[in-house]
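So you can see what is in the structure, the chains are spelled out below.
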Amino acid sequence: MSTATTATPTRTGRAAGATADYLDQRTSVGGAVKEFARKVFPDHWSFLLGEIALYSFVTILISGVFLTMFYVPSMNEVEYTGPWVTQQGLHMTEAYASTLRLSFEVRGGLLMRQIHHWAALIFVASIVVHMMRVFFTGAFRKPRELNWVVGFVLLVLSLLAGFSGYSLPDDVLSGNGLRITDGVVRSIPVIGSYLSYFIFGGEFPGTDLIPRLYTVHVLLVPALILALIGLHLLFVVLHKHTQYPGSGRTDKNVVGYPLFPVYVAKAGGFFFVVFGVIALMAATMTINPVWNYGPYDPSPVGAGAQPDWYMLFLEGALRLMPGGPTEFVIGQYTLTLNVLIPAVVVPGILFSALALYPFIEAAVTDDRREHHVLDRPRNRPFRTAFGVAILVAFFILVLAGSNDIIATHFLLSINDITYVFRVLIFVGPALAFWFTKRFCLSLQRKDRELVLHGHESARIVRFASGEYIEVHKPLDEHERWLRVQHDPLRPLEIGPAEDARGVRRKGHRLDALRARVSRVFYEDRVEPVTPAEWLAAQSHGEHDALEAPAATQAPQLTGGGRHLVEPDVQDGERRPTGGGRNLVEPTDPDGTDRRG
Amino acid sequence: MSTTPDQPHGGHQDLVVRPDGTLPERFPDPGMEPHRSRKSDLDEKHAKKVERQVVALFAVSVIGTLVFLVAYFTLPVGTPADIKVSNLTLGLGLAFALLGIGTAAVHWAKALMNDHEVVDERHPVQSSPEVREAAVQALKDGAEDSKIGRRGVLKGAMVSALALFPLAIVVPLVGEVGEDWNVGKFKRTIWARGVRLVKDPDGRPIKASDVTIGSVFHVIPENLEEAEHPLDEKAKAVVLVVRMDPRDLKETEERKSWSYDGIVAYSKVCTHVGCPVALYEQQTHHLLCPCHQSTFDISDGARIVFGPASRPLPQLPIEVDSEGYLVAQSDFHEPVGPSFWERLT
Chain A
1 MSTATTATPT RTGRAAGATA DYLDQRTSVG GAVKEFARKV FPDHWSFLLG EIALYSFVTI
61 LISGVFLTMF YVPSMNEVEY TGPWVTQQGL HMTEAYASTL RLSFEVRGGL LMRQIHHWAA
121 LIFVASIVVH MMRVFFTGAF RKPRELNWVV GFVLLVLSLL AGFSGYSLPD DVLSGNGLRI
181 TDGVVRSIPV IGSYLSYFIF GGEFPGTDLI PRLYTVHVLL VPALILALIG LHLLFVVLHK
241 HTQYPGSGRT DKNVVGYPLF PVYVAKAGGF FFVVFGVIAL MAATMTINPV WNYGPYDPSP
301 VGAGAQPDWY MLFLEGALRL MPGGPTEFVI GQYTLTLNVL IPAVVVPGIL FSALALYPFI
361 EAAVTDDRRE HHVLDRPRNR PFRTAFGVAI LVAFFILVLA GSNDIIATHF LLSINDITYV
421 FRVLIFVGPA LAFWFTKRFC LSLQRKDREL VLHGHESARI VRFASGEYIE VHKPLDEHER
481 WLRVQHDPLR PLEIGPAEDA RGVRRKGHRL DALRARVSRV FYEDRVEPVT PAEWLAAQSH
541 GEHDALEAPA ATQAPQLTGG GRHLVEPDVQ DGERRPTGGG RNLVEPTDPD GTDRRG
Chain B
1 MSTTPDQPHG GHQDLVVRPD GTLPERFPDP GMEPHRSRKS DLDEKHAKKV ERQVVALFAV
61 SVIGTLVFLV AYFTLPVGTP ADIKVSNLTL GLGLAFALLG IGTAAVHWAK ALMNDHEVVD
121 ERHPVQSSPE VREAAVQALK DGAEDSKIGR RGVLKGAMVS ALALFPLAIV VPLVGEVGED
181 WNVGKFKRTI WARGVRLVKD PDGRPIKASD VTIGSVFHVI PENLEEAEHP LDEKAKAVVL
241 VVRMDPRDLK ETEERKSWSY DGIVAYSKVC THVGCPVALY EQQTHHLLCP CHQSTFDISD
301 GARIVFGPAS RPLPQLPIEV DSEGYLVAQS DFHEPVGPSF WERLT
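First to last, the sequence lines map onto chains A and B.
Position 404, counted from 1, in the first sequence is what the UniProt record's numbering calls 404; the numbers after and before it change by one each time, with no gaps.
Position 220, counted from 1, in the second sequence is what the UniProt record's numbering calls 220; the numbers after and before it change by one each time, with no gaps.
Quick caveat, the hints were computed from the structure, so don't treat them as lab data.
Possibly wrong hints are sitting among the right ones.
One side of the interface only, derived from the structure: several residues of chain A facing chain B at Cβ under 8 Å [to be verified]:
id: 1; residue: Tyr80
id: 2; residue: Phe104
id: 3; residue: Leu110
id: 4; residue: Val184
id: 5; residue: Arg186
id: 6; residue: Val190
id: 7; residue: Leu318
id: 8; residue: Ala458
Just some of the chain A residues that point at chain B, by a computed CB distance under 10 Å [to be verified]:
id: 9; residue: Gln25
id: 10; residue: Ser103
id: 11; residue: His239
id: 12; residue: Lys240
id: 13; residue: Gly324
id: 14; residue: Thr334
id: 15; residue: Ala532
id: 16; residue: Trp534
We put the beta carbon where it would ideally sit given N, CA and C, even for glycine.
Using the sequences and the accompanying hints, generate a full structural model.
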């Protein structure tokens, strides 16, 4: 690109230069361009997940504006006279009638509706997966805790946006969804009935709901989402993006490619890819065919009805909860736990845990440093296991929300499925936690093993003495760095309850609690290989050599230090020097699993 | 870095033993890996090929847009078959228009643009001590200028005014948003003595003699259309009528008079969260809610057999009028539908 500074500017170059000059004199945009044009962003496929969320949201806005031109948010009753034969002559709300018109009479209307709906499903899904990435890699640590909270609020808003939009066509399926919402809202103690009146403008279904949902759906929620996306991205720019561990990547630098031109092309192009894939889905896969469901009527209901995927966990929780003696009458007042627990308390706990996790982890880690290099999930066994346990609980609830579909597809008894899920919702997360934690610790041991002894090369060598060994290939320094770069994490140690003069220390109880939780987090751990351990393994082939002062072993480095395996050790055959063989032991008794 | 088995110590130089003979606590960062060149960096011919691919992808996009426009102007809509074709063609056109641009840009960036990684420094997020001090000073100066510390009444007046004014917006909103706020309406339906049971949706009354054993009717009150809010009333008043062999029917003394010759009427609104309980199983007399699978035994006072509901469905007491049609004896004896705080008040 030639600019005004080029010796012989072209015509476009001169025009661009003049425009830039005009703008800069009025906006000082030059400073911003200088600051941002070459801003460095790290590259990794998992960083695209948040981008998918952003781009599907833009897709939602574009298709949504189209829909508002034809959709009528009104509950006035009309008689259908359009081309869709099965509904002709039926009485329905204008909302439903205009949705039919959008689908059958507006050219491209059905495509836009399906784009809008698919994009909404992908929007929520990509937020959830992006949040998982941030969680499992510890990207929520200081200084990004507040941005985690912003992201969490965005998740809640996306659910609200999805739910309010899902109900707008006023078909029988979404109407029954609203009815369930009404039932859930009414179960809330003291204010439930009034909250129901607040939402529906009187009794369910009333005539106010659709216009109200419309305002929520096209104004309130999108405005909040847009504002918070702005804040979310502002934080990303302010903090600079996190990066995965690797050679040359530290908490004090950011390694990657410049915004212009690489990310302008990659991220800009990726928007078109996301939009394109959604368009492809909308072209080939029917979603929410409301014309088959019919207008809302409080009497009929379809069997095998499913909400959109992000509401399935709530539906599943409602289905799992046993009824029976879970309703209590206190004085004259009714407390109905069979609804309150699954629909309000359980999601309340799940969501609170999610929102507060960064603060809990920081408290029990006593970590006040900034973190910009991400964790490998295996190096944080408790966190990873906790996250997987929550996911498993979520997944079981989603499956429970589809128990009728499972029953009809696999010819099972719906009662049996429900009983099994009632047990699984407790056992599944616990097992997942245990398994994931063990799995992470094993992966860490594998890392240690690799660092200490290198890769197996499958090359068997026979010595003159008749001894066989397998040659091990040591890791190069980059491979090794990935496996040793992380900090060892140990449980908090707290001071004594009383100071030297026997006075009780302030805040000791809180510290003791933190230390207890900290032990839960970090008691089981595998620490990264230290240079001393590594050297000992290289030179002596015996792990217990660790106890010896490291310096005395340093000179032996020159001896060759091959990683060799003796398949069958004959006693008396050990050569004392020169070989530096490593005897890889079948078990690793040097306490790699060091308990505090 | 050489890592062949013949030179097994290739990667060890970075581990420096300190002069005092000790080792560092941690391994040192080996620094950036060397850059690996791409094929298009080394071979100008290959780079040219990539360029042609990018051009072709942009061309695909242009074709996609043209397909979309042609389809828009030529394909009819209106019938389901037309819609299917139109949606598919428009959608595919749009998808290719978008995917062409997207893949072209990404391919260009990955294969042709400079891929040397750049390192930028990070600085602590917090501002420097001087800036912090200046900020605190600015606030102190401002507070001093406003003299707020010395004028307590002014402060109080300001806080009161600011705290009160939102009431002007909130009070009318809360006052109007819930209609009349009379939540007692949850407890009543428009069923009353003598109201005929009619079929949903055609509104025909039901002669008791026409109800055969094993049959099931979805029922609404005859006076539904006269109600002020028919849909609201229907949402509470829907009823399911079933006739079974009177010998199969287990009834309490109190409810013996609520049925008529094996015909029973139960509220169709689930006591769990309010879905219509619409699936009747003739053999077992079980009524299943398709939403959350609460199952009620209609032959035994709508006892709960399975699922999350915690109360039986309310029963509507029925009889026949002088012409032999089914009518209600009264409203339900308890509120229908899901539980709420004031249910028993």
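Hints, verified against the model:
1. Tyr80: 14 Å, violated
2. Phe104: Holds, because the Cβ-Cβ distance from Phe104 of chain A to chain B comes to roughly 6 Å (cut-off 8 Å).
3. Leu110: At 5 Å from the nearest chain B Cβ, Leu110 of chain A passes the 8 Å test, so the hint holds.
4. Val184: With a minimum Cβ separation of about 6 Å from chain B (threshold 8 Å), the hint on Val184 of chain A holds.
5. Arg186: 4 Å, holds
6. Val190: Given a least distance of 6 Å, the restraint on Val190 of chain A holds.
7. Leu318: 5 Å, holds
8. Ala458: Violated: closest Cβ of chain B sits about 11 Å from Ala458 of chain A, beyond 8 Å.
9. Gln25: Violated, because the Cβ-Cβ distance from Gln25 of chain A to chain B comes to roughly 29 Å (cut-off 10 Å).
10. Ser103: 7 Å, holds
11. His239: For His239 of chain A, the interface hint holds, since the closest Cβ of chain B sits about 6 Å away, which is under 10 Å.
12. Lys240: 6 Å, holds
13. Gly324: Holds - the Cβ of Gly324 of chain A comes within 10 Å of chain B, reaching about 6 Å at its closest.
14. Thr334: 4 Å, holds
15. Ala532: 5 Å, holds
16. Trp534: 8 Å, holds
Checked against the numbered hints above, the structure breaks hints 1, 8 and 9 and satisfies the rest.
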